[in-house]
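These protein sequence lines map, in sequence, to chains A and B. With my numbering applied, the first sequence covers 1 to 573. With my numbering applied, the second sequence covers 574 to 742.
If you're looking for bench data, these hints aren't it; they were derived computationally from the structure. Here the structure is a predicted model, which is why all the values come from computation and not from measurement. Glycine residues also receive a C-beta, built at the ideal position from the N, C-alpha and C atoms. It is possible that some hints are incorrect.
[As the list claims (entries may be wrong)] Part of the chain A face toward chain B, derived, beta carbon under 10 Å: (1) Lys129; (2) Met133; (3) Glu146; (4) Ser152; (5) Arg155; (6) Pro177; (7) Ser178; (8) Asn181; (9) Gly184; (10) Tyr185; (11) Val189; (12) Pro193; (13) Pro307; (14) Ala308; (15) Glu309.
Listed below, chain by chain, are the residues.
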Amino acid sequence: MTEPTKFTGAHSLFRSLEHEGVEIIFGVPGGAILPAYDPLLDSPIRHVSARHEQGAGHMAEGYAQATGRVGVVMATSGPGATNLITPLQNALMDSTPLVAITGQVATTAIGSDAFQEAYTTGLAMHCTKHSYMVTNADDIPNLVHEAFHLASTGRPGPVLVDIPKDVLNQLTTWTKPSLDNLPGYKPTVSGHPMQIRAAIELIEKAERPVLYVGGGVVKANASAELLAFAEAVNAPVVTTLMARGIFPDSHRLALGMPGMHGLYTATTAIQKSDLLVSLGARFDDRVTGDPSAFAPDAKVIHVDVDPAEIGKVRAADVPIVGDARSVLTDLLSALGARRELSDSPERAEWFEQLGVWQEDHPLYYEQGPDGPIKVQHFIERLRAITGGEAVITAGVGQHQMWASQFWGFDHPRTWINSGGLGTMGFALPAAVGAKAARPDDLVIALDGDGCFQMTCQELITATTEDIPIKVIVFNNGGYGMVKQWQNLFYGGRLSAVELGGHCPDYPKLAEAMGCVGLRVDHPSEIDPAIEKTLAINDKSVVLEVVVDPEEMCFPMVPAGGSNDNVVMRREDL
Amino acid sequence: MQHTLTALVEDKPGVLARISAMFSNRGFNIHSLAVGPTHREGLSRITLVVDAPELEQMKKQLNKLVNVLKVQEMEPAEALEREVMIVRVSAQPTNRGEVRDTASLFDAKVIDISTTAITFEVAGTPQHLHTFLDHLSPYGVVDLVKSGRIAMRRESALTPAAAIAGVGK
Chain A
1 MTEPTKFTGA HSLFRSLEHE GVEIIFGVPG GAILPAYDPL LDSPIRHVSA
51 RHEQGAGHMA EGYAQATGRV GVVMATSGPG ATNLITPLQN ALMDSTPLVA
101 ITGQVATTAI GSDAFQEAYT TGLAMHCTKH SYMVTNADDI PNLVHEAFHL
151 ASTGRPGPVL VDIPKDVLNQ LTTWTKPSLD NLPGYKPTVS GHPMQIRAAI
201 ELIEKAERPV LYVGGGVVKA NASAELLAFA EAVNAPVVTT LMARGIFPDS
251 HRLALGMPGM HGLYTATTAI QKSDLLVSLG ARFDDRVTGD PSAFAPDAKV
301 IHVDVDPAEI GKVRAADVPI VGDARSVLTD LLSALGARRE LSDSPERAEW
351 FEQLGVWQED HPLYYEQGPD GPIKVQHFIE RLRAITGGEA VITAGVGQHQ
401 MWASQFWGFD HPRTWINSGG LGTMGFALPA AVGAKAARPD DLVIALDGDG
451 CFQMTCQELI TATTEDIPIK VIVFNNGGYG MVKQWQNLFY GGRLSAVELG
501 GHCPDYPKLA EAMGCVGLRV DHPSEIDPAI EKTLAINDKS VVLEVVVDPE
551 EMCFPMVPAG GSNDNVVMRR EDL
Chain B
574 MQHTLTALVE DKPGVLARIS AMFSNRGFNI HSLAVGPTHR EGLSRITLVV
624 DAPELEQMKK QLNKLVNVLK VQEMEPAEAL EREVMIVRVS AQPTNRGEVR
674 DTASLFDAKV IDISTTAITF EVAGTPQHLH TFLDHLSPYG VVDLVKSGRI
724 AMRRESALTP AAAIAGVGK
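Next up, chain B with everything else stripped away, as it sits in the complex (with noise of 0.2 Å):
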């Protein structure tokens, strides 16, 4: 199972050498990475999507790099996740229309297109995705680029049959 770990770190050289030394030192493996700046100067943001069982470990070492601030782990439930996406798919004239209205129920964006081919854009949650590409790949994907998964903890507080249902995701 994956799960998503954030970590606020010092905005300083290396820092992201240092959290892939200490995963690649120690043998984590980790699925995207995203780092960005923060609303506060000198502070960044990675998320991280890794895998389960070593997590308690995980945190522990990033929490022992001098550079982060602060480590968080996300349940499914309770964190606001999101993914870009440009996947280029195969479409033929004939069959164009039929691609472009199955991409416009994922509020997929097109942002270019040739004659055998149309390139979406498309954000959202990574299930979001997942069922995007669902259903287009039947068509014949082409190309495809992902960003790492970016993720906030989210504020309003979940009924526990809302958790269930794994809203959020």
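The shape of chain A in the complex, shown without the other chains (with noise of 0.2 Å):
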């Protein structure tokens, strides 16, 4: 950056940017932010022009999750700051080391009812890990960097820092700052040497062992170690929503994703462990069905970062609290001083039982020749004519679902969606910010129409801004996963569900935005459709997979239900 004449609050926000290695903000601007966004003029962070502030929130989490770094997103006062409240909720939800840089109004207008105020801190009280308000620009670097720091340790999560306008116009200077001020935070990243003796003991006693992974071994970035750990003790992997890619689907201990529309072998084997192993898992109700009915004969071990998720949801029989990957590398290391890792139990009953699981209760669908297209088809051929060598973001419900059980994950960082919210529209933006993260991979947004709808206008965004994309959206015409409950659990009465008769057309939609569209509605055009699309990379691709919208999401455990009960076909409720 270029020395100013005047040094402000602005200009040291963005040496604070900087001086925190951001290469990218996803933003819009406005108002009382103005002052801000001068000084990115000479300042070498790019900036993603959203066209909405929830699209640029989703675009930092895209980035955050593609990546493992904190995302950042600035938006103005008000409606500017209210409008990011979905992405730091789902950020919040997910874990997602997010900063969120917001506009207020001057300080001697604040309480007033000025234009374009809100209460921002106050509302992000609810929906961050924690928020700042500035009131002084010397404040700026320690205040910024405590954002950060806050951001990416611990559990991740979003911080969000409120500036308002005349402090971002005071004078200021900068200062290397320094976390001194951070006095109650200090989370624990070691697990207590005692406690992981006492799960080794537990676990070379199973019989029926079972790892269960979640998101928090994605964040500690502990593949290796977690591949390294489930091979020396030689247990079954299930993966949660959030954690899918973190084991490779190929390894021949992965039983893929677990609960409410998991494989069946994944819920089952949990249910019938008598040692569940939960490393940054926490026993959502997705996984778990009714907690009280889950798991019953097994012996809990739970590594967490977080404290308070331990004994949450399940009281834990051996609880350490740390980072994923330290505590897995020293139940790796104590492992080794009982024994040769090499030297694994072969547990020959458990994997026999997995195996006749599997073999009885496999995913399943009927692809007709002539269509209607599913959508678990689609995906299968996605999968195989990329080889998986791609990121996939996902929205919320049967395409994401779908998503999760078919692609068949084997890198880390490759499966981005929004798991804790369940934020539909999530695709889309966060495709655009794991593409501006990641420009040599191919990024695919796996879309519902329901979703497309809600965050489409971002398509622009990654046509001016030029971040290619692929959009697949799956048009089954409505609210596919609402109107499966409907059909279930309401005798069939559709209620604002169908979205069919009034649906945009895509393709045209996609061309007006400056992508390229294409549909496809009949299974012997997928294969084509497929590489046309992923044939163009100078554009964003939108294409419309017309899809049966009769289709149901299977496996199922009915809400609340015990997960003894996974229902594997329509006919079986």
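Combine both chains into one complex, guided by the hints.
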């Protein structure tokens, strides 16, 4: 940054962002944040102009999930800030490291119901890990540094920094920041040695162990340690929706995703296990079903960097507070002190049982030769043609579950979705963020038509910012998952779930946004359509896939039910 | 059963709001809350009286707040707990003496008087205030205001027998 003649809070903000190594900011300008958009012009930091703050927020989340680095989003006061609430809560639920910078009305106007005033830090109190209101520009270096530290350490999450306009304009100096003013924040990284040994005791004794792996292992970048540990203890691995990709689905120990729409064997293995080793997972209701009926015979080793997760839903026999990578490393060395790591137990009976379940209860759908196209089939074709070498983002609903079930993830950070909050419309902006972060990778948003209509304005962002993504819009003419529930649990009384007659013409919409628009509605055209989509790389491509509106997503454990009752087909309900 | 938690917190804007926001977000119930400065500049102590079933979660969630430095739970036997109450009791000239005599058994101080009522100030353990009210209620309580509970951990060692007897209540 060239040295300005008058160094203001806004300059200090950018000096700080550069100091934190920020490469890209996703944002939308506005009145109160105006002063910050001026030094942006002289900064090496790239600004991606989203068309809506929610989109900017999800882009920053996509960036963060694709890289593990802190995503940064910037917005103005009032509506700019309130539009960020959804991404902030989304990032909180999925522990995504995010820093949001918001403009605020001048300190002299705060509390006066000024134009575009909202109590942003108050709103953010409920949906961030922490939030700051900066009242003196001299504090900017320290507070921004603290914000990045909080966002990226311990259990990662969103942190908001609200800066009034007069503070952005205040003359100041930039000083090297410190973390001396965080006396109440000391996340535990290393697991307690005694608990590590206790865990190894339990694991070595277990006959039917399952490694229950959650998003915390992704955050900890512990895929290598997980692989080594799983092989050393020779235990099957289930990966939650947030953890897909952290353990290769092609591995002999991989059972895939457990839970409400999980694979039969993954869900049932947990139910019948005698030891659950939970690594960076939080016993979410979509995994456990009725918690009182969940894994009734299992002892639990619970590893989490957030002590509040341990014992929240399920009592732990061995609680271990620590970062998944550090704990896995310690578990491996404790195990290595007892025996050769390669001398792993056979667990023949357990694996035989798992094999029988896999054989008897595979994922199932029927693709007729003349259509309608099944989403599952399309995803399998896309997986085959790309060889799985892509970053996949997803919206929320049936297509998301099918993507998780059928893609077959082999690399970490190739699956980006909204797990905890279930934010429809997440896929497209998240794909823009992921592609901005990893321009050399193929980034594909798998989206439903319902989701797509929530954030499709960000297509123009992809075009104008030259961030070419692929968007697959599975058009079943409605909110498929909600419709599925109405069909199953409301006697087929469909209420406000069918959008069919009033959907936009998606290829035309794509063309209007400077993208290439394609449509496929017959199974025989799937492969050529995919080839064409993959061949165009100078523009974003929207491929509308007209799919069966009646298809339902199975397996399914009805909400609140016991995971002993995995429903494989509609007829079984 | 009620438990007393104390939290040492940074004296920064919004800290109390963060704590109450977290409690309401998570559906935790607070019976009483008192906040005030400590002898250390920049640090305040918050005393919370809460329901027991979610105690572990509460402590952990409190600890997660960035501005919270330390959370302590106090067993009744090891806590020095105090509350202050101002209570207006109906008292006619005919029974004024009786009301005042009863109140004086609890070291209550008369801080206001009218032709129809006496207003007392009484401080002590929660049990002390409770007993005071038991004895004064028959005369008719007209108005009442009570502070949140404040507490500090007892330093003197307790024998098991004393702990069972509930010394410090």
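Comparing the hints with the structure gives:
no. : hint   : result
1   : Lys129 : holds (8 Å)
2   : Met133 : holds (7 Å)
3   : Glu146 : holds (9 Å)
4   : Ser152 : violated (14 Å)
5   : Arg155 : holds (8 Å)
6   : Pro177 : violated (16 Å)
7   : Ser178 : violated (16 Å)
8   : Asn181 : holds (9 Å)
9   : Gly184 : holds (4 Å)
10  : Tyr185 : holds (5 Å)
11  : Val189 : violated (16 Å)
12  : Pro193 : violated (22 Å)
13  : Pro307 : holds (5 Å)
14  : Ala308 : holds (4 Å)
15  : Glu309 : holds (9 Å)
Checked against the numbered hints above, the structure violates hints 4, 6, 7, 11, 12; every other hint is satisfied.
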